[in-house]
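**Q** Go ahead and model the full structure; you've got the sequences and the hints to work with.
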Amino acid sequence: MNKVLRLSLGHVVFIVAFIAIWEFASANRLLDPTFFGRPSGIAAYIWRGFVTERTLWNDLFYTVLAATIAFWAGSIAAVLVGLLFAMVPKLHKACEPYLTLLNAMPRIALAPLFLLWFGLGIGSKIAVAVSLTFFIVLSSTVAGIRGVNSDHLVLSRALGATPGQIFFKVTLPSAVPIIFSGLRLGLVYALLGVVGAELLAAEHGLGQVLAYLQSTFDMDGVMALLFLLALLGLSITFIMNWLERRLLVWQ
Amino acid sequence: MNDMAAARPSGAPVAAAAPAIELKDLTMRFGADGPSPVLAVDRVSFSLAPGEFVSLIGPSGCGKTTILNLLTGLLHETPEGKLEVLGKPPREGNPDIAYMLARDSLLPWRTALENAAYGMEIRGVPKQERETRALDLLKQVGLGDFADKYPKALSHGMRQRCALARTFALDSPVLLMDEPFGALDAQTKLTLEDVLMNLWSAHRKTVVFVTHDLAEAIALSDRVVVMSARPGRIIADVPIDLPRPRSVRKLQSDHRFHDLYAQLWGLLEQGTTGDE
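Sequence lines, in order, name chains V and P. Heads up, the first sequence is in my numbering, so the first residue is 765 and it goes up one at a time. Heads up, the second sequence is in my numbering, so the first residue is 10 and it goes up one at a time.
Honestly, I wouldn't trust all of these hints.
Stated by the list, open to error - Below 30 Å or equal to it, Euclidean Cα-Cα: the simulated BS3-like pairs (lysine-lysine) are:
| no. | chain 1 | residue 1 | chain 2 | residue 2 |
| --- | --- | --- | --- | --- |
| 1 | P | Lys198 | P | Lys158 |
| 2 | P | Lys161 | P | Lys148 |
| 3 | P | Lys91 | P | Lys136 |
| 4 | P | Lys161 | V | Lys933 |
| 5 | V | Lys854 | V | Lys933 |
| 6 | P | Lys259 | P | Lys148 |
| 7 | P | Lys148 | P | Lys158 |
| 8 | V | Lys933 | P | Lys148 |
| 9 | P | Lys136 | P | Lys158 |
| 10 | V | Lys857 | V | Lys933 |
| 11 | P | Lys161 | V | Lys767 |
| 12 | V | Lys933 | P | Lys33 |
| 13 | P | Lys91 | P | Lys33 |
| 14 | V | Lys933 | P | Lys136 |
| 15 | P | Lys161 | P | Lys136 |
As the list claims (entries may be wrong) - Which chain P residues stay away from chain V? Per the calculated CB distances, all over 10 Å, these:
| no. | residue |
| --- | --- |
| 16 | Ser54 |
| 17 | Glu61 |
| 18 | Pro68 |
| 19 | Thr81 |
| 20 | Glu101 |
| 21 | Arg112 |
| 22 | Pro135 |
| 23 | Ser164 |
| 24 | Glu188 |
| 25 | Leu193 |
| 26 | Asp194 |
| 27 | Lys198 |
| 28 | Pro248 |
| 29 | Arg265 |
| 30 | Tyr270 |
| 31 | Trp274 |
The hints are simulated quantities; they were obtained by calculation from the structure and are not laboratory data. Don't be surprised by glycine CBs; every beta carbon is placed ideally from N, CA and C.
**A** Right, dumping it as structure tokens:
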């Protein structure tokens, strides 16, 4: 416990020193705030955005909403398709080259197309995010199902298990940890897809705000947004870790 | 220990007439239709009376596991010759058979209790009954206090105990065991062999026990069937007339045990080196 305390104290000291040096350097023009922003300015921006003017709440809401919808839609579709592939290996084989091609493509490049199709609202960013999440979760689902322990299958067959019993009692639970790591990554990528699409064009969202701030050279705002996005990503990871510990106690 | 023996109808001795397992001129050729068939088992005949414990020993690849897999009906290729379990040809999922593999194959997402109940669950035993029986068996193998632990929290020996509980909880009259203690260290192995002997004395199943370990085969069995290197043939079928109940540990200092060991070792050597 003492060790943990000392370690976190070390982090606090480092961060405080880092911010102090940054602030000092900007104040004395050693670091140009036009390019790097300034900690006090960043803090002021966040304060305005969330407390006094409250404009950021709305954008945060849109970004989180889009990422959440994309995550659920993409993951559910991917797990279902993965299970279908497990049940019909021929279908998997037939689809594989196309999936590989789609997966190899930098999905963010689809954003202009989706913007045209779905407009500046929430639809286009969800589409971009789904295109990322879907493939990640699909490949982990397929890998998870393939990775089933053959001893478990032999034992179950010797016991007279039906294919349905084998699937629900052996294959699926054994795939859950790998599917879960895919889901964790899928959620991070859903956020990436949404913000990426918003950067290009959107009515609302943190990515859109970031693009606007950049174009008006508001570096305090840009830095604040980057900080917010990092925090958002971090909280996603925390939530997923917590969920994993709860769901996979046996690991 | 609870009185499991009283609750079980199949524990009663059966009239000596019908063998529990019978192999007659069993021959298995893998890839028989292909260009290069492999003769794995060559005219093997032996039978087990109900309640008999027979070990199958022989060098690696001599077809011991093939014979077990044939008995469980897990192989998709069919052998020549006769092969019967309780008077019926083998079929996959035969409820008369409980199969135990070399590795414990516990499902890691199930507790010890749920693992011990897994076989019964597949075979449709009602939840209440299977949990009672699983817990009882866990107690018999000395895992009563670990019923709610996941396999990752159990040692190798404990995991194999749990697999034993799962196997015996099925209450199938025939047990097929494929080197169940092969992966354990020597000490744990002796302990588990005693656990097996206790279970077997209480439940009296017909057991085919495949092993590499000569001492283990002698200590546990009524008979030891010695097989040659591939293609597997029977070299000898040696009765083990050591008195029961046996303690595997105590046998280590019994001279008859060592005589049998020497005798069987000679047979095994002959089978490994020679095309007669």
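**Q** Say whether it holds or is violated: glutamate 101 (chain P) keeps its Cβ farther than 10 Å from all Cβ of chain V.
**A** About 6 Å separates glutamate 101 (chain P) from the closest Cβ of chain V, which leaves it inside 10 Å; violated.
**Q** Verify the proposed pairing of lysine 161 (chain P) with lysine 136 (chain P), using a straight-line Cα cut of 30 Å.
**A** holds, 24 Å
**Q** If we take the beta carbon of lysine 198 (chain P), is the closest beta carbon in chain V still more than 10 Å away?
**A** holds, 20 Å
**Q** Assess, step by step, whether the Cα of lysine 136 (chain P) is no farther than 30 Å from the Cα of lysine 158 (chain P), and give holds or violated.
**A** holds, 19 Å
**Q** Within 30 Å, alpha carbon to alpha carbon, are lysine 198 (chain P) and lysine 158 (chain P)?
**A** Since the Cα atoms of lysine 198 (chain P) and lysine 158 (chain P) sit roughly 22 Å apart, the hinted pair holds (cutoff 30 Å).
**Q** Holds or violated: lysine 857 (chain V) and lysine 933 (chain V), Cα atoms, limit 30 Å.
**A** Within the cut-off at roughly 25 Å; holds.
**Q** Hey, does leucine 193 (chain P) actually stay past 10 Å from chain V on C-beta?
**A** holds, 16 Å
**Q** Is lysine 148 (chain P) within 30 Å of lysine 158 (chain P), Cα to Cα?
**A** Status holds; Cα separation ~14 Å.
**Q** For threonine 81 (chain P), which was marked as not at the interface, is the minimum beta-carbon distance to chain V over 10 Å?
**A** violated, 5 Å
**Q** Are lysine 161 (chain P) and lysine 767 (chain V) close enough, with their CA atoms no more than 30 Å apart?
**A** holds, 28 Å
**Q** May I ask you to check that aspartate 194 (chain P) keeps its beta-carbon over 10 Å from the closest beta-carbon of chain V?
**A** holds, 20 Å
**Q** So is serine 164 (chain P) really clear of chain V, every C-beta pair being over 10 Å apart?
**A** The claim stands: serine 164 (chain P) keeps its Cβ more than 10 Å from every Cβ of chain V (closest is about 16 Å).
When the structure is compared with the earlier hints, violations turn up for hints 3, 12, 19, 20 and 21 and for no others.
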